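Protein sequences, first through last, are from chains A and B.
Heads up: the first sequence runs through residues 1 to 656, numbered per the numbering used here.
Heads up: the second sequence runs through residues 657 to 856, numbered per the numbering used here.
Certain hints may be false.
[Stated by the list, open to error] List of simulated lysine to aspartate or glutamate pairs, DMTMM-like, C-alpha gap at most 20 Å:
id, chain 1, residue 1, chain 2, residue 2
1, A, Lys410, B, Glu797
2, A, Lys42, A, Asp60
3, A, Lys218, B, Asp853
4, B, Lys847, A, Glu123
5, B, Lys803, A, Asp331
6, B, Lys847, A, Glu134
7, B, Lys803, A, Glu123
8, A, Lys394, A, Glu535
9, B, Lys847, A, Glu535
10, B, Lys847, A, Glu219
11, A, Lys573, B, Glu770
12, A, Lys350, A, Asp3
Rather than coming from a laboratory, the hints here were simulated on the basis of the structure.
On a predicted model such as this, the values are computed, not experimentally measured, just so you know.
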Amino acid sequence: MADVGRHPRIRLLTLAEVTEVAGHVGNFRVTVRQKARFVNEKECTACGECAKVCPQLVPDEFNLGLSLRHAIYQPFPQAIPAAYVLNPADCLGLNPIACGKCARACDKKCINLEDQDRELKFEVGAIIVATGMEPFDPFDKGDFGYGRYANVITAMEFERLASSGGPTGGELLRLSDRRKPASIAFIQCVGSRCAEQGTPYCSNICCMNTIKDALVLKEHYPDMEVKVFYIDLRAFAKGFEEMLWRSKRLGVKYIRGIPGEVEEDGQTANLRLYVENTETGKIENHEVEMVVLATGVRPAKTTEAIKQLLSLQLHPEGFLLEAHPKLQPVDSPIRGVFYAGGAEGPKDIKDSVTQASAAAGRAARLLAQGTLAAEPYTVAVDPAKCRACGACLKVCSYQAFEWEKGKPAKPIEAVCAGCGTCAAECRFDAIEAHQFTDEQILAQIEAALAEEPESKSLVFACHWCSFAAADTAGVARGQYPARQVLIRTMCSGRVAEEFVLKAFALGAPVVLVSGCHFADCHYLNANRHTQRRVERLWDRLEAWGIRPERLQLEWISAAQGQRFVYTMQELEKLRQTVTPEEIEKTKEILRNPPRVAPRPEPKEPGEQPFRCLRCGKEFKLHYIPGKPQERTCPYCESNSVRLLVLKEAAVSASAK
Amino acid sequence: MSTQVSEPRIGVFVCRCGTNIAATVNVEQVAEFARSLPGVVYAQTGLYVCSEPGQKEIQKAIAEQNLDRVVVAACSPRMHEPTFRACLAQAGMNPFLLEIANIREGCSWVHTSEPERATKKACDLVRMAVAKARYLAPLTERRFPLKDAVLVVGGGVAGIQASLDLADAGHQVYLVERSPSLGGLMAQLHKTYPTMDCAI
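Bound conformation, chain A alone (with noise of 0.2 Å):
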């Protein structure tokens, strides 16, 4: 921490918060707001003459307001930077005459009681988000008593009572009678691995800590009695499995089950604990002195706004969402901003500091190219035929438009990751996808219908999960029918729906359209836009007595070369359903296709029917309007899944 404080390189803004950051990779443009720490942090030494004389006390939160601290104060004694700050809101008056009794108190006279907040810009090629993440707080449900029982704290608290600085000097106190408890127990996944409570996930540390905290007591209270509740003990890096088995030889004694309840007895504020062990099966009492929650960490509140300035994703769980879970662990999916530590997941200080220089080194890898490249894939708007509609925004992932109203869209290249979902999506044909144009892509699918269209089935195949479970096929030897032919495109977002239609009017029988989970979409969720389109064909498709399930969806990632396999000899089954008269009624409602009003959705989200157009089968599955869920047949687990709800309104809309 102090090398932060004394090095050259690095200015170090406290109190600061980031409220703009324009831009893009190599040239960020960022804004800061600093409040005023109203004590020059250069001049003062931490002598601690002013906090002597304040009048003011208020709850210290670094000790978790187990202690009390004045309104001018050193946050904790080896604060970076190593100066005091004043806190107006705790302050009688930043007035002199109010009080200014630390404004006289100082010899130095470092503290100005007129200082401002300053707001500051600056430039930067690459970010790091370590936003950190922050402690489950058990408040907000009560959970075993926390709040009301005096003698139940959390994971944190324990960490500032064990403390030599912290307000106990270090001496472990029950905080209903000053008393060292005799027996102390820990009840793990506080907050973790808890639906209801919507933290789902293991958090990480919370096992380790508590291992950590009981070796602290048993070192320190040789004969303190310490019980661990948990579910499962999760000691599984370099070391870990050791320090539990010491904690066990000194002692510590482990019983797996979560109380149900904790009560606290009225006359001498002891806990206790009732508990199904679930290795003998018994319901069991402990009465113990002590309880500490271990508490699971949860995304910091800051992650909202940091997700919001730099246009990043969050992961179900809440914290933020990397490019590729495997393969990019660091990087966010906004080209040059990176992820350290807890603000990409729970993690220890270890893995947090392993994060942290990963994200550096990919951050120094992007700045010590001098120049910035940027990937020919990019797109590029013809400003003749733009009409400024905005479309091309709406479905890029990554906010690679300059947009002004009236005026055409400007792709921004460094930022265009080349999805080609804006190509798809522009209905003025104005977008053109380098090396995935609409020239080219049409020339493939007639240069593949070109002779007995009727004998093959037309994929579209995304490069990095549909088109590489293709391969993967290939490498494991795979066997199906050659009656395939498979066109390639970055992304499955780039398949429009005029490349479909033509297909189809070309005598295709069948046309697949397949790409990757969408947990695994390289573009952010380009994808959820490929499944728009292809149920609003499937729709269009129905209203013009042509059956929709000659037009397939599938999800298959590079790993499943098995589900690619099983999808061609499926698409190969569907095919020869497909009659040549059938495809000559097709050819000839193509040549001239009633328009088709768009189908109503539902409205409020709930269970609703859905058909598999592999399998047939009908099934409820929960829909949430304007939420796009990856979806899969309970039977065949095709993706083909179409919504059956309000039939009725395309049928209609058919006939007029």
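Assemble chain B onto chain A, guided by the hints.
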């Protein structure tokens, strides 16, 4: 906007990949078929087109036949696209004037029991690649200036480590922390595992 080259000069190179492709797909027939396609002025087979001699053949043909588009019918583009792009660049061609027909992972390896259909499919894949090649346009990687500075948001253990690494590596760092001090959650910990020492 790209348009079709009026008179493209496309060269097609069909790889045998030892027997990986040639055992199932009749590569000579595929090359013969390629010669019949509009725009194709040259087509040949090769034992291993990706090998050094195989690439030399491509470069030789580019020079001798004055090719302006190259189609390689071989393994998946996920495998050797960078190889062949570099090969074109070396021959003085724009590396993006290349299209690959995947006749190995996507054909010979998955249709071993039906060589005739596999050959037909390989022809289709080559026809598609040639059709796309006619519309390929030269592309250039763009380069943008970079600001040699990094913003680190958050002064906990991760932000501290990232800042020090970057600053030590010579980059300017702006470390923004919301609270009055560095340290984050870490600073509040009494002892830390697995070393059992203090956090700060």
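Checked hints:
no. : hint                : in the structure
1   : A:Lys410 - B:Glu797 : 18 Å, holds
2   : A:Lys42 - A:Asp60   : 24 Å, violated
3   : A:Lys218 - B:Asp853 : 15 Å, holds
4   : B:Lys847 - A:Glu123 : 38 Å, violated
5   : B:Lys803 - A:Asp331 : 19 Å, holds
6   : B:Lys847 - A:Glu134 : 18 Å, holds
7   : B:Lys803 - A:Glu123 : 7 Å, holds
8   : A:Lys394 - A:Glu535 : 19 Å, holds
9   : B:Lys847 - A:Glu535 : 56 Å, violated
10  : B:Lys847 - A:Glu219 : 13 Å, holds
11  : A:Lys573 - B:Glu770 : 17 Å, holds
12  : A:Lys350 - A:Asp3   : 19 Å, holds
The structure is inconsistent with the numbered hints 2, 4, 9, although it conforms to all the rest.
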